[in-house]
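First to last, the protein sequences are chains D and A.
Heads up, the first sequence is in my numbering, so the first residue is 1 and it goes up one at a time.
Heads up, the second sequence is in my numbering, so the first residue is 1 and it goes up one at a time.
Please note that a few of the clues may not be correct.
Unchecked claim - In silico lysine-lysine, DSBU-like type, Cα no more than 35 Å apart, as pairs:
1) Lys154(A) to Lys247(D)
2) Lys254(D) to Lys277(A)
3) Lys54(D) to Lys188(A)
4) Lys247(D) to Lys312(A)
5) Lys66(D) to Lys198(D)
6) Lys68(D) to Lys198(D)
7) Lys254(D) to Lys81(A)
8) Lys31(D) to Lys154(A)
9) Lys254(D) to Lys220(D)
10) Lys284(A) to Lys254(D)
11) Lys287(A) to Lys233(D)
12) Lys254(A) to Lys254(D)
13) Lys44(A) to Lys154(A)
14) Lys154(A) to Lys220(D)
15) Lys31(D) to Lys195(D)
16) Lys287(A) to Lys247(D)
17) Lys254(D) to Lys233(D)
18) Lys220(D) to Lys81(A)
19) Lys181(A) to Lys211(A)
20) Lys188(A) to Lys154(A)
21) Lys233(D) to Lys154(A)
22) Lys19(D) to Lys287(A)
23) Lys108(D) to Lys277(A)
24) Lys314(A) to Lys287(A)
25) Lys233(D) to Lys185(A)
26) Lys54(D) to Lys31(D)
Everything labelled a hint here was simulated from the structure, so no lab data went into it.
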Amino acid sequence: MNIIVPVKTNVDTEMVRIKNREPVLEGVPYKLGDLDKNALEAALQLASEVGDSKVIALTVNEGNRKVKDTIKEALAMGADEAYIIDDPAALEADQAGIAKIIAKAIEKIADYDLIIFAEGSTDKYSGQVGPRVAEFLNLPEIGYARKIVAGGAGLQVDRGMGDYIETWETPLPAAVTVTSEINEPRICTLMNIMKAGKKPQTEWTLADLDLDAAAVASGKTLISNLAEEQARKNVMLEGTIEEQVDKLIDALIKEGVLEA
Amino acid sequence: MADILVYSEQLSTAKELAYQAKEFAGALGLGTSAAVLGPDSAAKASELAAVGADKIYVSEDAALADLPVDVVAEALAQIAKEADATYVLVGSTRLGKELTGRLAQKLDAGAATDVNAMEVADGALLCSHYSFGGATVARETIDTPVKVFAVMPKTFEITTPTAGAGEVITPALSLADSPVKLVSKREKEGESVNLEGAANLVCIGRGFGAKEDIALANQLCEAFGAELGCTKSLCDWEWLPEARLVGLSGAKTKPNLYISVGISGQVQHTVGIGTAKIIAAINKDEKALMFGAADYGIVGDLYEVVPVLTEKLKAL
Numbered sequence: 001m002n003i004i005v006p007v008k009t010n011v012d013t014e015m016v017r018i019k020n021r022e023p024v025l026e027g028v029p030y031k032l033g034d035l036d037k038n039a040l041e042a043a044l045q046l047a048s049e050v051g052d053s054k055v056i057a058l059t060v061n062e063g064n065r066k067v068k069d070t071i072k073e074a075l076a077m078g079a080d081e082a083y084i085i086d087d088p089a090a091l092e093a094d095q096a097g098i099a100k101i102i103a104k105a106i107e108k109i110a111d112y113d114l115i116i117f118a119e120g121s122t123d124k125y126s127g128q129v130g131p132r133v134a135e136f137l138n139l140p141e142i143g144y145a146r147k148i149v150a151g152g153a154g155l156q157v158d159r160g161m162g163d164y165i166e167t168w169e170t171p172l173p174a175a176v177t178v179t180s181e182i183n184e185p186r187i188c189t190l191m192n193i194m195k196a197g198k199k200p201q202t203e204w205t206l207a208d209l210d211l212d213a214a215a216v217a218s219g220k221t222l223i224s225n226l227a228e229e230q231a232r233k234n235v236m237l238e239g240t241i242e243e244q245v246d247k248l249i250d251a252l253i254k255e256g257v258l259e260a
Numbered sequence: 001m002a003d004i005l006v007y008s009e010q011l012s013t014a015k016e017l018a019y020q021a022k023e024f025a026g027a028l029g030l031g032t033s034a035a036v037l038g039p040d041s042a043a044k045a046s047e048l049a050a051v052g053a054d055k056i057y058v059s060e061d062a063a064l065a066d067l068p069v070d071v072v073a074e075a076l077a078q079i080a081k082e083a084d085a086t087y088v089l090v091g092s093t094r095l096g097k098e099l100t101g102r103l104a105q106k107l108d109a110g111a112a113t114d115v116n117a118m119e120v121a122d123g124a125l126l127c128s129h130y131s132f133g134g135a136t137v138a139r140e141t142i143d144t145p146v147k148v149f150a151v152m153p154k155t156f157e158i159t160t161p162t163a164g165a166g167e168v169i170t171p172a173l174s175l176a177d178s179p180v181k182l183v184s185k186r187e188k189e190g191e192s193v194n195l196e197g198a199a200n201l202v203c204i205g206r207g208f209g210a211k212e213d214i215a216l217a218n219q220l221c222e223a224f225g226a227e228l229g230c231t232k233s234l235c236d237w238e239w240l241p242e243a244r245l246v247g248l249s250g251a252k253t254k255p256n257l258y259i260s261v262g263i264s265g266q267v268q269h270t271v272g273i274g275t276a277k278i279i280a281a282i283n284k285d286e287k288a289l290m291f292g293a294a295d296y297g298i299v300g301d302l303y304e305v306v307p308v309l310t311e312k313l314k315a316l
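Turn these sequences into a full structure, and let the hints guide you.
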């Protein structure tokens, strides 16, 4: 089974600091998306379960100067090869544009049975790209997988939908998006990190995919992207534990959120 | 007349969207349409009319029975074309987010998901949603001819609804069965939790050293009449079910009173409580980020503070 895992190498959002409500991105390192690791892990587990399989990591460079280093982590986890679409025009793309690039790359790779996406990226978390690619490629799709097993018509997938767990079955080829519940991504060993450098990496530009800047240009306009203004009181209560607790209860009663 | 079309598989969310769409439609000179899909849809049409829908497209087509996302997207795309929809608003539930990508792709539309505020600006709808893992709020417009917004449940409050014309339309949809089939559906184990609707909420984090210690938090919840929520770590450790997760990948809550116990205050959690009326925090680290997001803070070991607080509340 050939499984393609589109991953995003995005800024480490926990390292983004706020200055005058503006996010400071300078010097913030890039990393593989948190849920992308779950997607890779799911692909690797499924590949070893069914045997005779290949796992392909695919990424569109969205501003990561060290994208080759970052994608190496996917290879170190166990992906067999990687494709990097590196083109300055991709920086201007919205989810529709990124989905188009990924879909065209998958069409060019051609030999695949399954695409596993994270349910969302770490930085924007829009959840659009997986379903958009599925639609573009006219593939059946199951979102929010917490378990994937080969069987039935192709795959059986459990997904959590609020209070319910649903099991869906899909023929292959198909697309699946996964949540963090599905697994615990493996930690890369030093040996595998060293081996990763020798695995094949292919770089494409948009021209290689018969696309150009206009084809992936954003259909959205960002008006602003600022941290919210803090309107909290930030009152630190003082005294012994007893005194602090008393003061808290008094304050909550005065605020009208606790009945005396 | 071009329309704003609304849809959510959750009736309560669909009503909120229809209500707000009516307001936006008034400001933009558009009509308000709603779609209801799947079994037992006809009965819901009047409820959407009552909150503002002028036209309600109802389909109980057999292909929609289990609401497979590809068929729902196709049905909505056909309805959007028939309604000449400029804007499509769907509920940003799990199903709704998944739907948004597929639907927007079908309509060549730009889309935004997890939208938690919308306004009319310069003759168009402008939306807000979190970015950078919740550290910032992105405000954006969509510039494609058709625009799809997935809006979080409870973003809009129905206050003084005006009924719409309520014309029920049964569109002639051309739908094929999905290749994806529902095999089974079962309730998750454990009690059902409604954090979104909780008036009081106590959330716990990594400050708890052992699973058994959650009993302390449960006693505090009882004393406050609060629901218990948690951060992602506790779900990852399987100390608490995902239904109790508050934050970016869990519930977005709107309690009157929120108390954090042993939570560092990473933005991935605090985006789930931003609209709480009052936030109190208990943490032994005076530098915890959580205090910056709180109205009242107690610096102290939760194992000392929580029993005292619980006792004093009981004595009230």
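Structure-based check of all given hints:
A C-alpha spacing of about 33 Å is found between Lys154(A) and Lys247(D), which places the hinted pair at or below 35 Å, so the restraint holds. As the CA atoms of Lys254(D) and Lys277(A) are separated by approximately 13 Å, the hinted pair is consistent with the 35 Å bound. Among the hinted pairs, Lys54(D) with Lys188(A) is consistent with the structure: their alpha-carbon atoms are about 34 Å apart, no more than 35 Å. Pair hint Lys247(D) plus Lys312(A) holds up; C-alpha atoms about 11 Å apart against a cutoff of 35 Å.
A hinted pair counts as satisfied when its Cα atoms are at most 35 Å apart, and Lys66(D) with Lys198(D) qualifies at roughly 17 Å. In summary, the hint linking Lys68(D) to Lys198(D) is supported, as the alpha carbons are separated by about 12 Å, within the 35 Å threshold. About 54 Å separates the Cα atoms of Lys254(D) and Lys81(A), which puts this hinted pair outside 35 Å; it is violated. For the hint pairing Lys31(D) with Lys154(A), the CA-to-CA distance comes to about 33 Å; that is within 35 Å, so the pair holds.
Distance check on the hinted pair: Lys254(D) and Lys220(D) sit about 45 Å apart at the alpha-carbon level, beyond 35 Å; violated. A C-alpha spacing of about 25 Å is found between Lys284(A) and Lys254(D), which places the hinted pair at or below 35 Å, so the restraint holds. Note on Lys287(A) and Lys233(D): the hinted pairing holds, with a Cα-Cα distance of about 16 Å set against a maximum of 35 Å. Of the pairs offered as hints, the one joining Lys254(A) and Lys254(D) holds, with about 20 Å between alpha carbons and a cut-off of 35 Å not exceeded.
Simply put, Lys44(A) and Lys154(A) have alpha-carbon atoms about 19 Å apart, close enough for the 35 Å limit, and the pair holds. The hinted pair formed by Lys154(A) and Lys220(D) meets the criterion: a straight-line CA distance of about 25 Å does not exceed 35 Å. A threshold of 35 Å between alpha carbons decides the hint, and for Lys31(D) with Lys195(D) the separation of about 19 Å falls inside it, so the pair holds. Between Lys287(A) and Lys247(D), the direct Cα distance comes to roughly 20 Å. Compliance with the 35 Å bound is thereby established for this hinted pair.
This hinted pair checks out: Lys254(D) and Lys233(D) have alpha carbons roughly 14 Å apart, not beyond 35 Å. The hinted pair formed by Lys220(D) and Lys81(A) meets the criterion: a straight-line CA distance of about 21 Å does not exceed 35 Å. Distance hint between Lys181(A) and Lys211(A) is unfulfilled; the C-alpha atoms sit about 38 Å from each other, more than 35 Å. Simply put, Lys188(A) and Lys154(A) have alpha-carbon atoms about 23 Å apart, close enough for the 35 Å limit, and the pair holds.
A threshold of 35 Å between alpha carbons decides the hint, and for Lys233(D) with Lys154(A) the separation of about 25 Å falls inside it, so the pair holds. Restraint check for Lys19(D) and Lys287(A): the C-alpha separation of about 18 Å stays at or below 35 Å, so the hint holds. The hinted pair formed by Lys108(D) and Lys277(A) fails the criterion: a straight-line CA distance of about 52 Å is larger than 35 Å. The hinted pair formed by Lys314(A) and Lys287(A) meets the criterion: a straight-line CA distance of about 30 Å does not exceed 35 Å.
For the proposed pair Lys233(D) and Lys185(A), the alpha carbon gap of about 46 Å is over 35 Å, so the pair is violated. Distance check on the hinted pair: Lys54(D) and Lys31(D) sit about 23 Å apart at the alpha-carbon level, within 35 Å; holds.
When each numbered hint is compared with the structure, violations occur for hints 7, 9, 19, 23, 25.
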